[in-house]
Amino acid sequence: AQKVTQAQTEISVVEKEDVTLDCVYETRDTTYYLFWYKQPPSGELVFLIRRNSFDEQNEISGRYSWNFQKSTSSFNFTITASQVVDSAVYFCALSEGDSSYKLIFGSGTRLLVRP
Amino acid sequence: GAVVSQHPSRVICKSGTSVKIECRSLDFQATTMFWYRQFPKQSLMLMATSNEGSKATYEQGVEKDKFLINHASLTLSTLTVTSAHPEDSSFYICSQLMNTEAFFGQGTRLTVV
Numbered sequence: 001a002q003k004v005t006q007a008q009t010e011i012s013v014v015e016k017e018d019v020t021l022d023c024v025y026e027t028r029d030t031t032y033y034l035f036w037y038k039q040p041p042s043g044e045l046v047f048l049i050r051r052n053s054f055d056e057q058n059e060i061s062g063r064y065s066w067n068f069q070k071s072t073s074s075f076n077f078t079i080t081a082s083q084v085v086d087s088a089v090y091f092c093a094l095s096e097g098d099s100s101y102k103l104i105f106g107s108g109t110r111l112l113v114r115p
Numbered sequence: 001g002a003v004v005s006q007h008p009s010r011v012i013c014k015s016g017t018s019v020k021i022e023c024r025s026l027d028f029q030a031t032t033m034f035w036y037r038q039f040p041k042q043s044l045m046l047m048a049t050s051n052e053g054s055k056a057t058y059e060q061g062v063e064k065d066k067f068l069i070n071h072a073s074l075t076l077s078t079l080t081v082t083s084a085h086p087e088d089s090s091f092y093i094c095s096q097l098m099n100t101e102a103f104f105g106q107g108t109r110l111t112v113v
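Chains as they are written, first to last, in the working numbering: chain A, 1 to 115; chain B, 1 to 113.
So here's chain A without its partners, still in its complex pose:
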C-alpha cells in the first residue's frame, strides 16, 4: 500500500537558519511521482516540485533544495537561510504511475520561522 510519512509535526526555527523537512514514502510501484506543496495560512496549495522515480538527481531552486534517495525511500526538502515568509504547512505527496495520478499526502509539517 502507498503511504507518505512526515514524522515532523511542527518545526520552529529562527530566521536565517537552515531547516530540513523529512519525507519517507512507501510504494510497490516502480514508476511514481513525488511532490512537495506549501500551504500558507490562506489555504491554497502552492506547488514546489515534482520528481519522478527514475530521476534521483538532487534539485536546487534558489533557497530550496530536495534530496531524493530511493535506497531509503526518502524525499527530503531543505530551506536554506529561512525567512519568515517560509512559515507554512508543507506537504509531501506521492502519486503512482497509473492513469489516475491521484495524490496521497503526508500529514504535513508546520514550519514556523521566527524573526
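Wrong hints could be hidden among the right ones.
[As the list claims (entries may be wrong)] Result set (EDC-like, lysine to aspartate or glutamate): computed pairs, CA atoms no more than 20 Å apart in a straight line:
1. K41/B / D86/A
2. K41/B / E10/A
3. K38/A / E101/B
4. K20/B / E44/A
[Said to hold, decoys possible] Estimated spans, in silico, between C-beta atoms of each pair:
5. S12/A / P40/B: 11 to 21 Å
6. P41/A / S5/B: 12 to 22 Å
7. D55/A / T111/B: 39 to 49 Å
8. T17/B / G62/A: 38 to 48 Å
9. L26/B / Q2/A: 29 to 39 Å
Calculated from the structure, these hints are not laboratory results. Ideal placement from N, C-alpha and C gives every residue a C-beta, glycine not left out.
Add chain B to chain A, keeping to what the hints say.
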C-alpha cells in the same frame, strides 16, 4: 501554469441545507478532476475522482449520496454537500489533471452552523 478556479472560497450554511462548490479550469480541458477534504490541522484526504461524462469514483468511507459530484464538461466539476451537518465543516479543494501534473483550486472553507 494552468489556472484552476474554485468558488466560493468561503461559505457558511445552516445545518440541513446543501452547498455547491464549483471547480473550473480556465485555460485547459481536464478529463479528470479530484476532490480532497482537509479537516483543521490535518492532511488532505482524497474524497473522489471525477471523470468527465461518467460517474465519480469515491474513496472508501465517503458517502456518494452525501457528496454529489458532477463533471458535466471538460472545464467544470461541482461538489454538492447535501444536508450538511457541522461535522462536514472542512476545507474542500479540487484538483485538475493536465498531462501528468495536478493543479489545485484555491479551496473552499465550509462552515456548517
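For each hint, the structure was consulted:
1. K41/B / D86/A: holds, 18 Å
2. K41/B / E10/A: Holds. K41/B to E10/A sits at ~11 Å (cutoff 20 Å).
3. K38/A / E101/B: holds, 16 Å
4. K20/B / E44/A: holds, 19 Å
5. S12/A / P40/B: 11 to 21 Å: holds, 20 Å
6. P41/A / S5/B: 12 to 22 Å: About 20 Å separates the Cβ atoms of P41/A and S5/B, which means 12 to 22 Å holds.
7. D55/A / T111/B: 39 to 49 Å: For D55/A and T111/B the Cβ distance comes to about 42 Å; the hint holds.
8. T17/B / G62/A: 38 to 48 Å: Once the Cβ atoms are compared, 46 Å apart, the range 38 to 48 Å for G62/A and T17/B holds.
9. L26/B / Q2/A: 29 to 39 Å: holds, 31 Å
The earlier numbered hints are all upheld by this structure, with none contradicted.
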